[in-house]
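J.: Each chain, letter by letter, is given below.
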Amino acid sequence: MSAVAMTVNGKAVTGDVDPRTLLVQFLREHLRLTGTHVGCDTSQCGACVVHVNGKAVKSCTVFAWQLDGADVLTIEGLAEPDGPLHPMQEAFREHHGLQCGYCTPGMIMTAIDMVNRKGHDLDDPTIRHELEGNLCRCTGYHNIVKAIAAGAKAMAKGHVQATS
Amino acid sequence: MSATGIGAAVRRREDQRFITGKGRYTDDVSRPGQCHAYFLRSPHAHARIKSIDSNAATALPGVLAVLTGAELAADKIGHLICGWMITSKDGSPMKMAPHPALAHGKANYVGDAVAVVIAETSAQAKDAAEKIKVDYEVLPAVADAGNAQADGAPQIHDVAPRNTIYQWHLGDAKAVEAAFKAASHVTKLDLINNRLVPNAIEPRAALAEYDAGSNSLTLWNTTQNPHVARLVISAFVGIAPEHKLRVIAPDVGGGFGSKIFIYPEEVVCLWAARRVGRPVKWVAERSEAFLADAHGRDHVTHAELALGGEGKVLALRVKTIANLGAYMSTFSSSVPTYLYGTLLSGQYEVPAIYCEVDAVYTNTVPVDAYRGAGRPEATFVVERLIEVAARELEIDPAELRKRNFIKKFPHQTPVIMTYDAGDYHASLKKALELADYEGFGRRKRESARNGKLRGVGLSTYIEACGIAPSQAVGSLGCGVGLWESAEVRVNPTGTVEILTGCHQHGQGHETTFAQVVSERLGIPLDNVSVVHGDTEIVQFGMGTYGSRSGAVGISAIVKALDKVEAKAKKVAAHMLEVAEGDIVFADGKFTVAGTDKSAAWGEVALNAYIAHKFAGQELEPGLKEGAFYDPTNFTFPAGCHVCEVEVDPQTGESEIVAWTAVDDFGTVVNPMIVEGQVHGGIAQGVGQALLERAVYDKDGQLVTGSLMDYCMPRAHDLPPLTIDLTKTLSPSNPLGIKGCGEAGAIAAPVAVINAITNAIGSEDLAMPATPQSVWQALKKAEGMQKAA
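Residue numbers (numbering that gives the first Met the number 0), protein chains in the order written: chain S, 0 to 163; chain E, 0 to 787.
None of these hints come from the bench; they were simulated from the model.
Idealized CB from N, CA, C, for every residue including glycine.
Be careful, since some hints might not be right.
[What the hints assert, rightly or not] Across the chosen pairs, the derived CB separations fall in these ranges:
1) S:R19 with E:E432: 54 to 64 Å
2) E:H242 with S:P124: 54 to 64 Å
3) S:P124 with E:Q775: 39 to 49 Å
4) E:G587 with S:A4: 31 to 41 Å
5) S:M0 with E:D157: 18 to 28 Å
6) S:P18 with E:D150: 52 to 62 Å
7) S:K156 with E:H715: 19 to 29 Å
[As the list claims (entries may be wrong)] Some chain E residues close to chain S (C-beta under 10 Å, calculated; not the full set):
8) T19
9) R23
10) D26
11) V28
12) G32
13) I247
14) V251
15) R285
16) S286
17) Q503
18) H504
19) G601
20) A714
21) H715
[Unchecked claim] Okay, the calculated bits of chain E under chain S, using three or more residues with CB under 8 Å as the criterion:
22) 199-206
23) 505-516
24) 695-709
The task is simple: from the sequences and hints, build the whole structure.
T.: Next up, the structure:
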């Protein structure tokens, strides 16, 4: 077994895990943070995207023990329990950027990372290119692209920012 | 229209949990003491199972049981079934082979489950499965539909000589024969409708728990229709009586048809949970889903269209071989027959149609309904034929369509269906305007200046939705009725719970169903909750597929609301001390006609329960009504999609540069959600046309068995979409709803192929139109031009 200690959504967490435990399994099965999803086994779908030390990472591609000491942000940590939603969450609802909701947490975490790297003025081709690592089977991406463009702008207005 | 009523683009109420990570999908549910199942699957497409040695696996730490088809048979667990009986043209019933949940004696496709390991952790179960020794005698296999009936093809099931499940036909062969003789032009096409893997992003999962105290079982399952699952698992598989089995379909991450069916894995989890006395969970890995989820489409077709003077369509003749895979899945038999042959009239007056379909077994994953189910295949046949005929006759494809459109309704086609309402000219006209069809020539010249080939393709599709009138489908062999149920529970405080037999897995019922109730009762949306997906709470229902939840599910709610209103009026009459006939209900208020005396909705609800104003003998206390709604006809959504592409002749790459969709869905409850459904359907259709194909090699190995190998549409594969609507009301249900869930997937593939073939000047192009195949088609066409 491997001992792991990291910060998840601002809280210190520890665990004693089988060395083959992936970050996504640690989050879902040990911490019961089931908002991060698993949609594939080849790192294609992006349903498991979280932020590790401020950068988007597919949590199916790293072992939990590799992230000893890391700062991890998941979909559950984007907004305070009783506080306002993160502008990117709000934008997905406003622009109907989700249907079944399964790819959504990964999409939102990817979208925020995209804004962090590319700024607040994202055009259609940029967003589509940046979404290469995230699959959605429901929406045809049309409204996801709209939601990300609007969310990016809303983030510039000084709403709650991702804390990691 | 109220701000939250029918027609309002209300933001979805269910989104709060999904955007905050609080959705609750099957794999998010965990039960105390749960253990995990892992399925060992056949690596061979066709093999006799000579022996299974599980001693080494059983000895590993954490392993609770290794179970095989032998134990399943010993416990007398029944087979999975196909619920729609198709009769061959010679009068014989379809040849349904036994389908045990774990292969017994023989494995019939790569992925056929031969054993299950139950262990403390999923990793331990997976490790143990590697230690199971299966002695296979590998047999020759056939994967291709076109080869399944050949002399000497491997025989898969004893009950089906030449692997033929049925040889079905529909229509009037003699009338068609005569029309072809009289035709001035005949267009002929050989078409392959490529095999697809549905790939809902949430993999299938099951969690089964046995409660010894009540001798009952609970199943959490990724299903689109929990009641049908319970019925089949009880009545046919015989796991538990219906009243001792609870099926819960919590949040489900997309279905597209693939989660309609009753699969081996949930049966095995239920059976194993009772055997080991612990809750058992199984979650598919994606690569496993490729081998275990029903695939879609897979037709080989020859089709001919007879035309007379002025391009009038005289007759249509279609011969299709449909691959149903190694076993008959739950509704597989209906897809290439009554969901396909009956739509071959398209939007056109076709005097005579004859369609023959052979369904065959192959050593591949079972094939069943996938978004559109039969109707995309029919649309592909009809719309390719009409487009190619127009090009051959040098008539504008839009003009040829217009000349043949059905104009009067109701319209009886030669293939069973009675179209109830539509205006095909209106959707075509609007789509052509929005797409600037007239300006295409100019854009084509601009593209040519940039070294690109531009093409435009139309698809004027029709579908039969609102599935389905029970009597009609019963007469065609369906084993169940396809009505829907609803219950409206009004609480004493006036808040309302709507129980529905439909199930949402992306469609937004928690919003749209509440909109209908909010408008009807004049109460805020927040005072309405929609309850679904649990057989212990909702008495019965048929689930969600076939674009049925609006046309059938909402109609059931409307019927129950009618009863609630009638009862509430009686209560109000007692409160206001007038005759029931004097009460008018509007805007959430019961008013005595012609006076200012009234009672608010909440007061009437409370009075129904306190029952102080009326004697319980004359009027029962309470306010709760249920309804079963059985439609009188299918609904017929239709429309026109226009696809414009640019092809790079150097690389063969096709880029969709514009997409216009104008659909007639009748009444639209929430236009935002309807647009979203169209977007998603188009994406799946574009995926079929450009990217997706499940490929089997000659030995029956699935070559495209992961997301690394099977090309799913990504954001950059799709263009921004222009979506609009026309409206004719369906006369077949109270609100005039037609349904929108499948339209995009039905309309899109042929629009893309019509556009690319228009661009490259060759009709010889199969799906998916990859750069390689487009380039080859171009070169072939150039070669033929040179030779000529």
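J.: Are the hints correct? Go through all of them and say.
T.: Quick rundown of the hints versus the structure:
At about 59 Å, the beta-carbon gap between S:R19 and E:E432 stays in the expected band of 54 to 64 Å. The supplied range of 54 to 64 Å is met by E:H242 and S:P124, whose beta-carbon atoms lie about 57 Å from each other. Restraint check, S:P124 to E:Q775: a C-beta distance of roughly 29 Å breaks the suggested window 39 to 49 Å. At roughly 57 Å, the beta-carbon separation of E:G587 and S:A4 lies outside the given 31 to 41 Å, and the hint is violated.
Against the hinted window of 18 to 28 Å, the Cβ-Cβ separation of S:M0 and E:D157 comes to about 52 Å, which falls outside the hint. Checked against the hint of 52 to 62 Å, the pair S:P18 and E:D150 passes, with Cβ atoms roughly 56 Å apart. Between S:K156 and E:H715 the C-beta distance comes to about 28 Å, which sits within the given range of 19 to 29 Å. Proximity of E:T19 to chain S holds as hinted, the smallest CB-CB distance being about 7 Å (cut-off 10 Å).
Hint on E:R23 holds. Least Cβ distance to chain S is approximately 8 Å, under the 10 Å limit. For the restraint placing E:D26 at the interface with chain S, the shortest Cβ-Cβ distance is roughly 8 Å, inside the 10 Å limit, so the hint holds. At about 9 Å, the closest approach between the beta carbon of E:V28 and any beta carbon in chain S falls short of 10 Å, and the interface hint on this residue holds. With a least beta-carbon distance of about 15 Å to chain S, the hint placing E:G32 at the interface is violated under the 10 Å criterion.
Contact between E:I247 and chain S, as hinted, is not supported at the beta carbon level, the nearest pair being about 16 Å apart and thus beyond 10 Å. The beta carbon of E:V251 is positioned within 10 Å of a beta carbon in chain S (closest approach about 7 Å), and the interface hint is therefore held. The restraint placing E:R285 at the interface with chain S holds, with a minimum CB-CB distance near 4 Å, inside the 10 Å limit. With its C-beta approaching chain S no nearer than about 6 Å, E:S286 sits inside the 10 Å limit, and its interface hint holds.
Hint on E:Q503 holds. Least Cβ distance to chain S is approximately 9 Å, under the 10 Å limit. The criterion of a C-beta within 10 Å of any C-beta in chain S is met by E:H504, whose closest approach is roughly 5 Å, and the hint holds. The restraint placing E:G601 at the interface with chain S is violated, with a minimum CB-CB distance near 29 Å, outside the 10 Å limit. Among the interface hints, the one on E:A714 holds; its C-beta lies about 4 Å from the nearest C-beta in chain S, closer than the 10 Å criterion.
The interface hint given for E:H715 holds, since its Cβ lies 4 Å from the closest Cβ of chain S, which is under the 10 Å cut-off. Judged by the Cβ-Cβ criterion of 8 Å, the segment 199-206 of chain E is covered by chain S as claimed, because 4 of its residues qualify and three suffice. Only residues whose C-beta sits within less than 8 Å of a C-beta in chain S count toward coverage, and the segment 505-516 of chain E has 3 of them, enough to reach three; the restraint holds. Check result for the segment 695-709 of chain E against chain S: holds, 3 residues qualifying (beta carbon to beta carbon below 8 Å, three or more required).
Hints 3, 4, 5, 12, 13 and 19, counting from the list given before, are not met by this structure.
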